[in-house]
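Engineer: Sequence:
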Amino acid sequence: MTGSVTPECEDCSGCFNITSRGKIKALIQKNFLRMWRNIGVMLFIFVLPVMQVILFCLAIGRDPSGLKLAIVNADVNVLDGYCPYNSSCSMKNLSCRYLEHLDNHTVKEYYADLSSALEAVRQGEAWGALYFNENYTDSLVARLALADTADNETITSSEVQVWLDMSNQQIGLMLNRDIQFSYRDFAKDLLETCHYNPKLGDIPIDFMDPIYGNKNPSFTDFVAPGVILTIVFFLAVALTSSALIVERMEGLLDRSWVAGVAPGEILFSHVVTQFVVMCGQTALVLLFMISVFGVKNNGNIVFVIMLTLLQGLCGMCFGFVISAACELERNAIQLALGSFYPTLLLSGVIWPIEGMPWILRYVSLCLPLTLATNSLRSILTRGWPITDPEVYMGFVSTLAWIMVFLVVTLTILKFKRN
1 MTGSVTPECE DCSGCFNITS RGKIKALIQK NFLRMWRNIG VMLFIFVLPV MQVILFCLAI
61 GRDPSGLKLA IVNADVNVLD GYCPYNSSCS MKNLSCRYLE HLDNHTVKEY YADLSSALEA
121 VRQGEAWGAL YFNENYTDSL VARLALADTA DNETITSSEV QVWLDMSNQQ IGLMLNRDIQ
181 FSYRDFAKDL LETCHYNPKL GDIPIDFMDP IYGNKNPSFT DFVAPGVILT IVFFLAVALT
241 SSALIVERME GLLDRSWVAG VAPGEILFSH VVTQFVVMCG QTALVLLFMI SVFGVKNNGN
301 IVFVIMLTLL QGLCGMCFGF VISAACELER NAIQLALGSF YPTLLLSGVI WPIEGMPWIL
361 RYVSLCLPLT LATNSLRSIL TRGWPITDPE VYMGFVSTLA WIMVFLVVTL TILKFKRN
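Residues 1 to 418 (the UniProt record's numbering) make up the sequence shown, in order.
These are calculated hints, taken from the structure and not from any lab test.
Don't take every hint at face value.
To be verified - Estimated spans, in silico, between C-beta atoms of each pair:
id, residue 1, residue 2, range
1, Glu125, Cys279, 47 to 53 Å
2, Ala283, Gly40, 19 to 25 Å
3, Val50, Asp103, 33 to 39 Å
Said to hold, decoys possible - The calculated DSS-like cross-link candidates involving lysine-lysine, where the alpha carbons are at most 30 Å apart (straight line), are:
id, residue 1, residue 2
4, Lys215, Lys296
5, Lys199, Lys92
6, Lys92, Lys108
Note that CB positions come from ideal geometry on N, CA and C, so glycine has one too.
Input sequences plus hints: build the corresponding full structure.
Structural biologist: Take a look at the structure:
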């Protein structure tokens, strides 16, 4: 009879004659079609991570070069930038011999007097000033000969006086390091030329080969694990933070509700779609980081890929939370951008969390990227296995955040549907 309801139709799936699998398949096809037809989104998905990796590897971690130093050498009469010295076992013009070792990253400009050299530093024309007094060579020879019997005037005259522009910490510390290392190399070279043990010119501390890393560590290798996860995480956030909002504004979300689609099915279809895209992003990021730019990987590449994919999935779920909670797209963008810098600064990506106040350390450990960054850093630089607590805690933390974000998203969607 027309309008009667049979027991078979009491089941919702029987009334609509469509299974949950069919609904999810249709949703996934719809999501992929929307994505492939948007050329701008496709360029954003695959070109942007590659550009970010290239810019990071080219711009971050390299030693500055071409740094000008103002030199005042009262010990030797320097003509047209030429400072003569004898490379044999000669105790003459030692200031020039030392300056010859000061070539890394620096450009030496000679000034007639100390006041003009200091003024050049104040005017930003040089990053530092070095001064050799007129008795530098004789005083240095006397200091070596007299040892502990040398008077204060001799010791003072044998020192190189240095004024640095420390307004830029990285450049100032690098020049400080180069000036000291150059003096060590100068002393060892002079002793070896004169048939003495060159180790007498070094400090009495022997730095052996590092347990992890090398004697000249690169800042790029330190930052790279955090940058990899940050790129994948926030690209996923950017892709998903407006996904549900756009569907809601276009009426697609209401149509899905009317068709009997559950919130979990809508969320699952978006997760599948974005996860496929994220696999391509992860492959490009890791390929350029490790293979093209040579970021060191001393661990198992499988765990590197797994952790990176999980972090992308975590960022995707965070984006769904934003998308479900916000009504307007601009609000979602503001929330996503607002979460970027606090997460970046507090996750130990740029600076170790050991340098933070103790309260911020606990806050940092509660963020999605912190433990994962430590984990990836331990895999790449130390080669630790997944059985190490420093490594597996990154996986545990990421999985926990994924579950939290999914539960929050489903709760919001169910609440808004009702």
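Engineer: Could you work out which earlier hints the structure fails to respect and list their numbers in ascending sequence?
Structural biologist: none
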